[in-house]
Amino acid sequence: MSFRLGHGGRLIDRARPLGFSFDGRRMTGFAGDTLAAALLGAGETLMGRSFKYHRPRGAVAAGVEEPNALMGIGSGPQAEPNARATVVELAEGLEATSQNRWPNLALDIGQLTGLGARLMPAGFYYKTFIHPRAAWKHVFEPVIRRAAGLGRAPRGPDPDRYEQLYAFADVVVAGGGVAGLHAARLAAEAGRRVIVFEQAAHWGGRAPVEGEPVGGLPADAWVAAQLADLAARPNVTLRARATVFGLHDHGYLLAEERCGEGGGTGPRRRLWRVRAGLTVVACGAFERPLPFAGNDRPGVMLAAAVRDYLVNWAVAPGRAVAVVTGCDDAYRTAMALAGAGVRVPVVADLRPGGGGALAARARAMGLRVADGACIARVLGGRSVTGVVLAPADGDGSGGEEIACDAVAMSGGWSPAVHLWSQPGGGLAWDADRGLFRPDPARAPTGADGRPMAVAVGAAAGELALDAALADADRALRAVLGLPAGAPPVTAATAEAPPRTAAMLPARAGHRLRAKAFLDFQNDVKVSDIELAAREGYVSVEHAKRYTTLGMATDQGKLSNVAGIAVLAEARGTPVPEVGTTTFRPPFVPVTIGGLAGEASGPLFQPVRMTPLHGWHAARGAVWEPVGLWRRAYAYPATGERTADAVAREVLAVRGRVGLLDASTLGKILVRGPDAGRFLDMLYVGMMSTLPVGRCRYGVMCNEQGFVTDDGVVARLGSETFLCHTTTGGADRIHGWMEEWLQTEWWDWKVWTLNLTEQFAQIAVAGPKARVLLERLGGMDVSREAQPFMRWAEGRLSGIAARVFRISFSGELSFEIAVAASDGPALWERLMAEGADLGVTPYGTEAMHVLRAEKGYIIVGDETDGTVTPRDLGLERMIASGKADFIGRRGMERAHLVDPGRWRLVGLAAEDGAVLPEGAYAATDARNANGQRVTEGRVTSSYFSPTLKCGIALGLVRRGPERMGEVLAFPAAGGRVLKARIVEPVFHDKDGARLNG
Amino acid sequence: MLMLTCPHCGVTAEETEFAPGGQAHLKRQGPGSSDDDFEAYLFARANPRGVHLERWRHAFGCGKWFHAARCTVTLEVFGTYPARTAGPPAELRAAIAARRPGWPEGGR
Amino acid sequence: MARADIATEGAGPAGFASVAGAGPRGMVTLRGDLTSPVLARAVAAVTGTGVPARRRIEVAGDRAVAWMSPDELLVLVPRAEAGAAVAALEQALAGEHHLAADVSDARAAFTIRGPGAQGVLMKLCPVDFATLAEGEIRRSRAGQVAAAVWRSGADEFTLVSFRSVAGYVIALLEFSARPGAEPFPA
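One line per chain: the protein sequences are A, B and C, in this order.
Adding 349 to a residue's 1-based position in the first sequence gives its number in the working numbering.
Adding 7 to a residue's 1-based position in the second sequence gives its number in the working numbering.
Adding 25 to a residue's 1-based position in the third sequence gives its number in the working numbering.
So here's chain A without its partners, still in its complex pose (with noise of 0.2 Å):
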């Protein structure tokens, strides 16, 4: 059972008490203490339970490479669910909560299923639960989802707030271990602006740890010199608790900074968005766990991690701590241990002959070492009771029992690759040392083509302390071009080659195999490595995919490399033939917070608001998004309802006269020498014959000659256009007109801008339209003066103003643009002339019908990106002089002059009902696949106060030649609905109204 020691802990203060619950016991810890550290001091090794055989477990590492100890954080709307607890800073009052386990930890239900983990090997669930299908989804999956899955996310929205920063860099550090310092140290006195994350809430990464002098210095002292003089550089940004999770294209790098935990106006996390010229990878490198049978109890540890909770918290993970090891590193762990007086009854290393120098120290201080020797299996169940000590190449039988409470394995180091692959760097297998490396001659590049990252220290494969800061010192000095120099002072220690193993002992029997973990999270053991080779997943991708190896949220940190060998050794081939997955983004977990940065609640995205927004809220409007719009779609009274008020305004407009705000539609001004010319090419008619003072309804077409806007066109003068789009269009249109005239008619003098955001524009329209505009003033708006379709300037109650006499609900109409800021003005100018002409409001919803029941389309309703003008009855827009235009050519296509296609029609349900928008009318016919032949579809509908009556337009096969003719249209719950086609205007349609 772990325990907290009498003294020592260098990052602890034993005077500051920390209260905190798991699982709703109440503990005890130490300011410094991270959640793991504080479990393991209290006594508490079993943390957790895996993900598919529900386990017991306890943390096996003591950072963020931990895929045991994953924990519930908080409650309410700020839990934080699978968070792990190894790198869980203490607080005052924290609340953890174990996962995966039900009723609770110690007696977990789901355990069964580890009863029969021989039933349940890698792809189980692909082979037994296909069929049958319906069992599947009613049956298996529920049962199996709840008793798996990791941490529950939490309810209700999330109170706290995230952001994010832009920064830039010469040279980013990503590690701010001795190797990382260092390599910071000499690219600040370069003069480079540097910035160095490091994801602990400490500095200097192991070397505090290990205790070996630098630079003359204690290494506590040394990180202190550095971090000193680097945080007094102007041209250095140093941040701890910041981890770089992602290194993309042309050194986009990401870091995530754990600002707090929630409560405040400041940030909890702070999402850096950095472009490094250079990364420095300097992000140490992770212990692999051996494979032996057992090596998941809670108990076995790293050997790197029992140094590390002995160090750094004071906590022992055992009174009696059993090392196992392929390389001399774990001789610390002995050494340290026993210097704490922690017992330590065996050291056994796989290697024949043994370790180096730190084997014979370990023996001189009279530990047990058993060379070639390892453990065979572990004893005990929820926790350690002992292990079997048997020879490394043997079959496991017989050995030596030997009792002890916890195990500390080191199958040797693999370096964090990550930042470098992820990019695309690639990786050299070093087999004297026996791990994967950034090989440097295949770093990932930049937009330059030339390298954008550099591996320093551990993380290059250098994991002793002399060697980091030696290849930290070299690689930086290459890099950035500075004369040779020498590393800080450090002593050397010899170590002997280090040994891998796939499985321990080597000849253990499926038994033992079926029991030693990789993959500790998913529950990954060697024998089911095995078993997808066999099965023929000798790819080390697909192997993965079958057996979930490394797609844990630990991303294979610790069990990476120990499958790739398993893999190997079932194929018989080398490691580096079998290769590694694909290091993806992200590093280490990271919050959606943070992603979504401060787009969230108001600022989740930018609303865009006419000059009138603030007079439709106040009278309670019902919004309708349009784009990034804002607009009223209807102005319900107190009480009344939403559909009520659309009918009220339609019949508003029809009886006496309506405003609208048409703020949002595009207004693009277009002016030059050849505007006429460019217009012409633009719309499918003709602009270029337009007289100045006359406006003119306009097309515009794709190159494939369909239909993308629409709107009206006034001629301002001789050069001067000023055009109208629909709301959704005025940027795309103006990024249209600017995409020809910037790469395809260069040399055509035209310039164009987007006015649409300078002007309020309201329509004002109904047979009264005429005498409210008489009564404010200042123009004259007689038939005579402004007939349809003309446009004038002047004065309206003494505000400047352009009104165009057009329309777009088939009434008496005026549109009035007068500038942004003018706008509030005016319309209360309107509404108080017209009170008792009866003006009303109308909204968006009301303007839809009064364009239906004179048959206008719109794009976007009647359009969808497929239909032409012709197809719309419009070809009477189509200028047949023009020799070209955009969509011409397109137009020509054999299928768009087909008679059979789909043409715009009205309407009319049999009984006056409202079709369902996007109804299809179906024949009895069927096609090649049995389905009915449809011959039409319903592309607007609505209930029309004017006529009483459902209308609807849509697009019927042949249509305008079938008039008269009833179509089926199939609706929910098997009803068929029939409607005639009639002419798509409804209302008005000689016109008598528009021209009043």
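Please note: incorrect hints may appear among the correct ones.
Said to hold, decoys possible - Some, not all, of what chain A presents toward chain B, calculated at C-beta under 10 Å:
| # | residue |
| --- | --- |
| 1 | Tyr601 |
| 2 | Gly798 |
| 3 | Thr931 |
| 4 | Trp1095 |
| 5 | Ala1243 |
As the list claims (entries may be wrong) - Covered stretches of chain A (in silico footprint by chain B; criterion: 3 or more residues with CB under 8 Å from a CB of chain B, positions within the stretch not fixed):
| # | region |
| --- | --- |
| 6 | 1082-1088 |
| 7 | 1234-1241 |
Said to hold, decoys possible - In the DSS-like style, the derived pairs of lysine-lysine whose C-alpha atoms are separated by at most 27 Å in a straight line are:
| # | chain 1 | residue 1 | chain 2 | residue 2 |
| --- | --- | --- | --- | --- |
| 8 | A | Lys1327 | A | Lys1338 |
| 9 | A | Lys1231 | A | Lys1098 |
| 10 | B | Lys34 | A | Lys1327 |
| 11 | A | Lys1297 | A | Lys1338 |
| 12 | A | Lys1098 | B | Lys34 |
| 13 | A | Lys1327 | A | Lys1297 |
If you're looking for bench data, these hints aren't it; they were derived computationally from the structure.
From the three backbone atoms N, C-alpha and C, an ideal C-beta is built for every residue, glycine too.
Using the hints, position chains B and C against chain A.
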């Protein structure tokens, strides 16, 4: 995420400031063009594994269109140039050929 | 977010930098041949400055001219003079191929002031502010909308956006400047 330098305003900015526009130097096919030529103009696009000449607009900047010569494998950007041209300038062609010997014939 | 009429004036809640609408500005977009001497004279007559070089903003008292693209300038004058500025430019450029239009109501301006001002903008704009020179205008984005920004004084930036998103922009700025969120605490 790419970094590109707009040749018009000289700003080097991240990809979120730009809008992509597909393959560069297409020749417009208008009325009178053959069905094959028109189809190729509308739909046929180069998809090279290697050097690609592509269109970008500095949408959140000066609004101007330009072209970039970029390797689709390594994402190396050989250079950018204004859109008002029928092909990359000679210096850029030389720079690409220096980095990708054999380009444009078979060179990657 | 119901702040349609942010009116681009007034101060927000106290943050680690002050953010506020900069008040009404007269703004005129001028498109034309920026190398033309006629255009240079026209601009000088309205603003008292020369035509700015690429990405530069020339300031003279309460007037300024900013380079927006190789064929576009943004002329800044007192709000009341925008109409006159358009007229003056039109007259001076008669016969030249150009476009001049009042865009005062299509834009909103904001001031970000204080030692932390740069930190506020670093959260919103993918711009390397350390290399943004005095007198340089940078068009980019702030959050999800287009923006132009320049150093308008010691520890002060001016940011211009479209008017319709002024409510979004001031909310962005206030969020980024809120106390406790300093990216680089002193």
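Here's how the hints hold up against the structure:
1. The closest approach between the C-beta of Tyr601(A) and any C-beta of chain B is roughly 5 Å, which is under the 10 Å cut-off, so the hint is satisfied.
2. Residue-level restraint check for Gly798(A) holds (minimum Cβ-Cβ distance to chain B is 4 Å; threshold 10 Å).
3. Here the hint on Thr931(A) is broken, as its CB sits about 16 Å from the closest CB of chain B, past 10 Å.
4. The interface hint given for Trp1095(A) holds, since its Cβ lies 4 Å from the closest Cβ of chain B, which is under the 10 Å cut-off.
5. The interface hint given for Ala1243(A) is met, as the beta carbon of that residue sits about 9 Å from the closest beta carbon of chain B, less than 10 Å.
6. Counting residues of the region 1082-1088 of chain A whose C-beta lies closer than 8 Å to any C-beta of chain B gives 3; at least three are required, and the coverage claim holds.
7. Only residues whose C-beta sits within less than 8 Å of a C-beta in chain B count toward coverage, and the region 1234-1241 of chain A has 4 of them, enough to reach three; the restraint holds.
8. Distance restraint check for Lys1327(A) and Lys1338(A): the Cα-Cα separation of roughly 24 Å lies within the 27 Å cut-off, and the hinted pair is therefore satisfied.
9. Pair hint Lys1231(A) plus Lys1098(A) holds up; C-alpha atoms about 20 Å apart against a cutoff of 27 Å.
10. Distance restraint check for Lys34(B) and Lys1327(A): the Cα-Cα separation of roughly 49 Å exceeds the 27 Å cut-off, and the hinted pair is therefore not satisfied.
11. With a C-alpha separation of about 17 Å, the suggested pair Lys1297(A) and Lys1338(A) falls inside the 27 Å cut-off, and the hint holds.
12. For the hint pairing Lys1098(A) with Lys34(B), the CA-to-CA distance comes to about 21 Å; that is within 27 Å, so the pair holds.
13. Between Lys1327(A) and Lys1297(A) the CA atoms are separated by roughly 18 Å; this keeps the pair inside 27 Å, and the hint holds.
The structure is inconsistent with the numbered hints 3, 10, although it conforms to all the rest.
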